[in-house]
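Peer 1: Each chain is listed here by its residues.
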Amino acid sequence: MKFLRIFLGYVKWHYTRAVISLFITWKNLARFLFEYFSIKSLLLNFFSPWKRKIDAYKKGSGLDKLFESIIINVIMRIVGMIVRSIVILIGFVVWATFILIFPIALIVWLVIFPTLLFIALYGITIFFSIK
Amino acid sequence: MTNIKIFLKQSSIYNVLSTESLISEKSRNRIEKITSWIIIAVLICLIYPLFSKSNYIIKISDILYPRLLGIVFINISIFIFMRLLELYYSTMFYFEHIAQNKYKKQENYTFSAGRILYAGRNSDILHGFFLSEIGQLILKRLGIEKKEALDFIRNQEIIKNEEVPIPKEDILKVSDIVNYLSFNKNFANFTKSKGISEKNLIGASEWVIYQIESEEYKKQWSRQEALKRRGNIGKGWSFGETYVLDKYSRDILNDEEVSSEAISLSARDEETFQLENALLKSSSSNALIIGEPGEQKMHIIWSLARNIRDQNTSFLIEQKRPVLFLVSALLSVCKDKNTLENELIKCLSEAHDSGNVILVIDNLPELISMSLQYGVDIYNLLDAFLKSPEMHVIGLSDTNEYHEKIEPNRSFMSNFEIINALPLSTEEITKIISGACLKIEKIFRIFFTYQAIREIAESAEYYFSGGVSYDRSINILKEIIPWAKGSGYKIIGKDEVLEYIEQKTNIPTGGKISEIEKEKLLNLESLLGQRVIGQFDAIAGISNSIRRARSGIRNERKPIGSFLFLGPTGVGKTETAKALAEVFFESEKNMMRLDMSEYQTDDSLEKLIGSFKTDKPGIFTSMLRDKPFGVVLLDEFEKTHKDVLNLFLQILDEGVFSDSEGEKISTRNIIFIATSNAGADKIYDMQAKGKNPKDAQEEIIADIISRGLLKPELINRFDGTIIFSPLSKEDLKKIAEIMLKRVNSRLLEKGITMKITQDVIDFVATNGANKTFGARPMNRFIQDTIEKEIAELIIKKEISAGNVLSFEIIENEIKPVVSK
Numbered sequence: 001m002k003f004l005r006i007f008l009g010y011v012k013w014h015y016t017r018a019v020i021s022l023f024i025t026w027k028n029l030a031r032f033l034f035e036y037f038s039i040k041s042l043l044l045n046f047f048s049p050w051k052r053k054i055d056a057y058k059k060g061s062g063l064d065k066l067f068e069s070i071i072i073n074v075i076m077r078i079v080g081m082i083v084r085s086i087v088i089l090i091g092f093v094v095w096a097t098f099i100l101i102f103p104i105a106l107i108v109w110l111v112i113f114p115t116l117l118f119i120a121l122y123g124i125t126i127f128f129s130i131k
Numbered sequence: 001m002t003n004i005k006i007f008l009k010q011s012s013i014y015n016v017l018s019t020e021s022l023i024s025e026k027s028r029n030r031i032e033k034i035t036s037w038i039i040i041a042v043l044i045c046l047i048y049p050l051f052s053k054s055n056y057i058i059k060i061s062d063i064l065y066p067r068l069l070g071i072v073f074i075n076i077s078i079f080i081f082m083r084l085l086e087l088y089y090s091t092m093f094y095f096e097h098i099a100q101n102k103y104k105k106q107e108n109y110t111f112s113a114g115r116i117l118y119a120g121r122n123s124d125i126l127h128g129f130f131l132s133e134i135g136q137l138i139l140k141r142l143g144i145e146k147k148e149a150l151d152f153i154r155n156q157e158i159i160k161n162e163e164v165p166i167p168k169e170d171i172l173k174v175s176d177i178v179n180y181l182s183f184n185k186n187f188a189n190f191t192k193s194k195g196i197s198e199k200n201l202i203g204a205s206e207w208v209i210y211q212i213e214s215e216e217y218k219k220q221w222s223r224q225e226a227l228k229r230r231g232n233i234g235k236g237w238s239f240g241e242t243y244v245l246d247k248y249s250r251d252i253l254n255d256e257e258v259s260s261e262a263i264s265l266s267a268r269d270e271e272t273f274q275l276e277n278a279l280l281k282s283s284s285s286n287a288l289i290i291g292e293p294g295e296q297k298m299h300i301i302w303s304l305a306r307n308i309r310d311q312n313t314s315f316l317i318e319q320k321r322p323v324l325f326l327v328s329a330l331l332s333v334c335k336d337k338n339t340l341e342n343e344l345i346k347c348l349s350e351a352h353d354s355g356n357v358i359l360v361i362d363n364l365p366e367l368i369s370m371s372l373q374y375g376v377d378i379y380n381l382l383d384a385f386l387k388s389p390e391m392h393v394i395g396l397s398d399t400n401e402y403h404e405k406i407e408p409n410r411s412f413m414s415n416f417e418i419i420n421a422l423p424l425s426t427e428e429i430t431k432i433i434s435g436a437c438l439k440i441e442k443i444f445r446i447f448f449t450y451q452a453i454r455e456i457a458e459s460a461e462y463y464f465s466g467g468v469s470y471d472r473s474i475n476i477l478k479e480i481i482p483w484a485k486g487s488g489y490k491i492i493g494k495d496e497v498l499e500y501i502e503q504k505t506n507i508p509t510g511g512k513i514s515e516i517e518k519e520k521l522l523n524l525e526s527l528l529g530q531r532v533i534g535q536f537d538a539i540a541g542i543s544n545s546i547r548r549a550r551s552g553i554r555n556e557r558k559p560i561g562s563f564l565f566l567g568p569t570g571v572g573k574t575e576t577a578k579a580l581a582e583v584f585f586e587s588e589k590n591m592m593r594l595d596m597s598e599y600q601t602d603d604s605l606e607k608l609i610g611s612f613k614t615d616k617p618g619i620f621t622s623m624l625r626d627k628p629f630g631v632v633l634l635d636e637f638e639k640t641h642k643d644v645l646n647l648f649l650q651i652l653d654e655g656v657f658s659d660s661e662g663e664k665i666s667t668r669n670i671i672f673i674a675t676s677n678a679g680a681d682k683i684y685d686m687q688a689k690g691k692n693p694k695d696a697q698e699e700i701i702a703d704i705i706s707r708g709l710l711k712p713e714l715i716n717r718f719d720g721t722i723i724f725s726p727l728s729k730e731d732l733k734k735i736a737e738i739m740l741k742r743v744n745s746r747l748l749e750k751g752i753t754m755k756i757t758q759d760v761i762d763f764v765a766t767n768g769a770n771k772t773f774g775a776r777p778m779n780r781f782i783q784d785t786i787e788k789e790i791a792e793l794i795i796k797k798e799i800s801a802g803n804v805l806s807f808e809i810i811e812n813e814i815k816p817v818v819s820k
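Listed in order, the protein sequences are those of chains A and B.
Mapping of the first sequence onto the numbering used here: residues 1 to 131, in sequence order.
Mapping of the second sequence onto the numbering used here: residues 1 to 820, in sequence order.
Just so you know, the hints here were simulated from the structure itself, not pulled from any lab data.
Virtual Cβ for every residue (Gly too), placed ideally from N, Cα, C.
Just to be clear, a hint being listed does not mean it is correct.
With a cut-off of at most 30 Å between alpha-carbon atoms, the simulated DSSO-like pairs for lysine-lysine come out as follows [unchecked claim]:
#1 Lys27(A) to Lys228(B)
#2 Lys247(B) to Lys51(A)
#3 Lys219(B) to Lys40(A)
#4 Lys26(B) to Lys2(A)
#5 Lys33(B) to Lys12(A)
#6 Lys228(B) to Lys40(A)
#7 Lys59(A) to Lys387(B)
#8 Lys53(A) to Lys105(B)
#9 Lys235(B) to Lys27(A)
#10 Lys281(B) to Lys65(A)
#11 Lys26(B) to Lys40(A)
#12 Lys219(B) to Lys2(A)
#13 Lys40(A) to Lys235(B)
#14 Lys51(A) to Lys228(B)
#15 Lys320(B) to Lys27(A)
#16 Lys281(B) to Lys53(A)
#17 Lys53(A) to Lys33(B)
#18 Lys247(B) to Lys2(A)
One side only, chain A facing chain B, incomplete, derived with CB under 7 Å [claimed, not checked]:
#19 Ile6
#20 Ser21
#21 Phe23
#22 Thr25
#23 Asn28
#24 Tyr36
#25 Ser41
#26 Asn45
#27 Phe46
#28 Lys51
#29 Val87
#30 Pro114
#31 Ala120
#32 Gly123
#33 Ile126
Build the full structure now, drawing on both the sequences and the hints.
Peer 2: Given below as structure tokens:
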């Protein structure tokens, strides 16, 4: 009786709470990956100069200096945009892959328990089978 | 109230507990290991024949192939099933500390409480506690051996149909169970017999739960809180670099106190909240944390850093990076005004321009004073940055230095929000060091009982002066490990901590009393009586206070004892203090003497506790730092300045005072003996009237008060006021005999024996003492008469080793007689 109760208790968990837990983990990890690649933050600061490196132009320094500052600042922004684009792209691919993996993980989870029983039975059968 | 079984079944944790009773976590881990090794070994056996050319091996493998494959399948399924059970267990784990599990669903008991109840489901809660793994761990932390525990529980009757004490919050925790058990008479007697208080019981159970849950918490890597700690890529790219600042600073997020994944034991939530609010201000968003010297101020910073790491703070600061700016690193490099100014400006500019730095200056007063010394206009320099809304500065300062160097500059101060880092209580320190202790135990394979940890926290305050209790506790914890290893201890309990402290400080801690000391304590009166004649009350008072101190029942928040000795000169007041120092504190050298008549002027207090202006240490404070344990004799106490008397009001009451630097000095291991001649004339009057002065103590004290010599509140603070009566003729004779014996012992070293006859004793007692100075001139008299004669004999070579010296008294004159 006790074994049956424990077994049923486990099975109940496996197909109810554990599935919820899988969803929670999936949500947490998806959120984590989104945060890890700082996608939102990189998009918001997409046009910001790379590591705030800017050449401050002082009034009256002449046209040469003005153009120099503009060029440096534009380059730093472009560098920032390129690096950010790469990270956003990689981040998005990883994130999207992970999102898509979830249904597979869910299916694996749903079938793993009967599969295990099957593998165990199969193992016992071939162990005792005589050629 | 509900029956245990019914109560257990009300929660979904019940099934996990049942599963655990069948296959425990330890067994699961063992099975996982074994199956994984079997899988690897069998796979090797399966693959090897494919590459082998030996017909014999190929033949065997053909026969064994299906069986080996069968073993692999069976073991793979067992291995995966164990992993599934581990998940089952882990996701259902209901944490006591945060009162939730992964599903954040309310339960009616925590996992640990459930384990105890489950163990007692067929008996009662007491049996459950003793038989469960958690209960046994708690008992082990309390220093109770498994055998003792089992012996106790075997003799306990089972309470049938015991009902579960459901607490008000509806979630039953282990602390509730422990609390409930403390009302069980047998259990209370058992713990009492082991010297375990209720506080210890609850503290130990909280510690065990913390240990279990910390480990479980670390395993749950997919929790949102745990994932947040993994950092990110790219968020810092929008912020500036800090090349120069990095040379003189470190990232606080990398400190172990922040990066550790254990459950935080911070006791600084309120101060952290204040700090976060200060940083959120629209301008001058800076804070100044002031407190005692030591690490305590950093606890607030670490707490803030942990909140940032967990993104458990306002979004305005959750992207910030707290950086600890090490002033000493900057000052060690910059040796002139220009370099210092330039480097400082670069650091501050980088912190400002980066946009995400919270600059924590570890010693703001030092930065200010050193900059001023180099001629840097530091106030204006910092002011410009501090006013910027993009700059967040947190200054750390010791309280005294704050009052001296920062507080006077009001306009500079207006940039900061002040946060007081109040000293942590013993309970808080115990909690924090118990967390640190778990790591130490793992590394050094040593075990601490809860009482040991608590004793460390208490002793840090009690036996050591200078610094902050928390820092001292951590130091003791670190130092005790090599000592314990060297002494062969594997378990450190309260006694071992006390033994270590006794060795370190030479202060008897009440841990273990040796046979020799026991003898001394029990015979203290007779030992003191050998030196002090006729003052039984004084000897009894002091002996009792010493015994109280040594047995550990005294008030530990006061000095060991404090006595006011009143009486005429030469009756043994000082001698009593000396005798005590020699008998109990090993040597007369352990008596520290202050002639209080030297401290009558207005600057007396400064002389004693040090001067803030001149930075001179005090005589009294230095004395106590050198010898925190011994006798302090305060001669002619009433003659000192009133400020000094007021200082002693505090010392005698609290056992602690602050020196000129504000550092706490403990006098809790000191015996104070204050002597005074005040009232001597009254004592003589009484004696002349045939009254015993000791019977009229109140009258004498009233006389002293009425003459304004000592305040009543000060006299009341002494443990005892003892009247020393003038010495009787018999007493004087005894003193004379003691003094003569001392002369004889010095002569014996030269091989000369001196016969001490009753005539000589009477001669010295009659002529050597007088009414005004009591027995005090006696020593001088012996020097002028007996020692003088002996010196002449030695110089004239009329006496040598092996001779016997005696004295004759002829017409009140003393004459030496030498015989062989």
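Peer 1: Run every hint past the structure and note whether it holds.
Peer 2: Taking the hints in turn, this is what the structure says about them:
1. Lys27(A) to Lys228(B): At roughly 13 Å apart (the allowed maximum being 30 Å), Lys228(B) and Lys27(A) satisfy the hint.
2. Lys247(B) to Lys51(A): Given that 30 Å is the threshold and the Cα spacing comes to 18 Å, the pair holds.
3. Lys219(B) to Lys40(A): 29 Å, holds
4. Lys26(B) to Lys2(A): 21 Å, holds
5. Lys33(B) to Lys12(A): 27 Å, holds
6. Lys228(B) to Lys40(A): 15 Å, holds
7. Lys59(A) to Lys387(B): 25 Å, holds
8. Lys53(A) to Lys105(B): Between Lys53(A) and Lys105(B) the Cα gap is close to 49 Å, so the pair fails against 30 Å, i.e. violated.
9. Lys235(B) to Lys27(A): Holds. Lys235(B) to Lys27(A) sits at ~21 Å (cutoff 30 Å).
10. Lys281(B) to Lys65(A): This hinted pair is violated, its Cα atoms lying about 38 Å apart.
11. Lys26(B) to Lys40(A): 44 Å, violated
12. Lys219(B) to Lys2(A): 29 Å, holds
13. Lys40(A) to Lys235(B): Since the Cα atoms of Lys40(A) and Lys235(B) sit roughly 10 Å apart, the hinted pair holds (cutoff 30 Å).
14. Lys51(A) to Lys228(B): Satisfied, since the Cα-Cα distance of roughly 23 Å is no more than 30 Å.
15. Lys320(B) to Lys27(A): With Cα atoms ~25 Å apart, Lys320(B) and Lys27(A) stay inside 30 Å; holds.
16. Lys281(B) to Lys53(A): Given pair Lys281(B), Lys53(A) holds - Cα atoms ~27 Å apart, limit 30 Å.
17. Lys53(A) to Lys33(B): Violated, at about 53 Å.
18. Lys247(B) to Lys2(A): 65 Å, violated
19. Ile6: OK, holds: Ile6(A) within 7 Å of chain B, min 5 Å.
20. Ser21: Constraint on Ser21(A) satisfied, holds at 5 Å.
21. Phe23: The hint is violated - Phe23(A) has no Cβ within 7 Å of chain B, the shortest such distance being about 11 Å.
22. Thr25: Where the cut-off is 7 Å and the nearest Cβ of chain B is about 4 Å from Thr25(A), the hint holds.
23. Asn28: 5 Å, holds
24. Tyr36: Given a least distance of 5 Å, the restraint on Tyr36(A) holds.
25. Ser41: 5 Å, holds
26. Asn45: 4 Å, holds
27. Phe46: 10 Å, violated
28. Lys51: Lys51(A) check passes; min Cβ-Cβ to chain B is 5 Å, inside 7 Å.
29. Val87: 5 Å, holds
30. Pro114: Pro114(A) check fails; min Cβ-Cβ to chain B is 11 Å, beyond 7 Å.
31. Ala120: 4 Å, holds
32. Gly123: 3 Å, holds
33. Ile126: This hint holds: Ile126(A) lies near chain B, its Cβ roughly 4 Å from the closest one there, short of 7 Å.
Of the numbered hints listed earlier, those contradicted by the structure are 8, 10, 11, 17, 18, 21, 27 and 30.
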